[in-house]
Amino acid sequence: MKMRLIGTLFGAMWAYITYLAVSDNVYHTFGMLVPWILFFGYLKSLSQWGYAATVACFTPVIITLGRIPYGDTLPAGNYALLRIEENLVGIAVAIVLTIIIFPVFAIDVLKNNIE
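The sequence shown maps to residues 211 to 325 in this note's numbering.
It should be emphasised that the hints constitute simulated quantities derived from the structure, not laboratory data.
Do not take every clue at face value.
Derived Cβ-Cβ restraints for the label pairs, each shown as a range [stated by the list, open to error]: (1) Ile317 - Val236: 32 to 38 Å; (2) Gly241 - Ile324: 53 to 59 Å; (3) Leu307 - Tyr237: 39 to 45 Å; (4) Val306 - Ser233: 36 to 42 Å; (5) Gly260 - Glu295: 23 to 29 Å; (6) Phe240 - Lys212: 27 to 33 Å.
Using N, Cα and C, we set each Cβ at its ideal position, and we do this for glycine too.
Between the sequences and the hints, there should be enough to build the whole structure, so can you do that?
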């Protein structure tokens, strides 16, 4: 969950930087997204950054393509903050489900592995 939030924060920041730098120019937007995708595609091969790199790779694409001229007229900052908010809600729901509703106890895992 921590890695997802880190990836979302990196991706949302890059989407916002892309919006500030190129505004609504589609070609320049893709020009800024391609190096980002290549860099995080490389980082994905590192085991400690795999999931965060995957999320960071696709978050700016989702945010940026959602606001290109055929989207809403809201600024990209609103999309970036909305994406972070959605992930925080998802993490909160996952915590509630895994800790309170469906807890996994070590003794149960041990029993299953012994059998």
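Tested hints:
Between Ile317 and Val236 the beta carbon distance is about 56 Å. The supplied range of 32 to 38 Å is therefore violated. Checked against the given bound of 53 to 59 Å, the beta carbons of Gly241 and Ile324, roughly 57 Å apart, stay inside it. At roughly 43 Å, the beta-carbon separation of Leu307 and Tyr237 lies within the given 39 to 45 Å, and the hint holds. A hinted range of 36 to 42 Å holds for the C-beta pair Val306 and Ser233, which are about 40 Å apart.
For Gly260 and Glu295, the Cβ-Cβ distance of about 24 Å falls inside the hinted range of 23 to 29 Å, so the restraint holds. Taken as a hint, the range 27 to 33 Å holds for the pair Phe240 and Lys212, whose Cβ atoms sit roughly 30 Å apart.
Figure legend: structure checked against the earlier numbered hints; the only hint not met is number 1.
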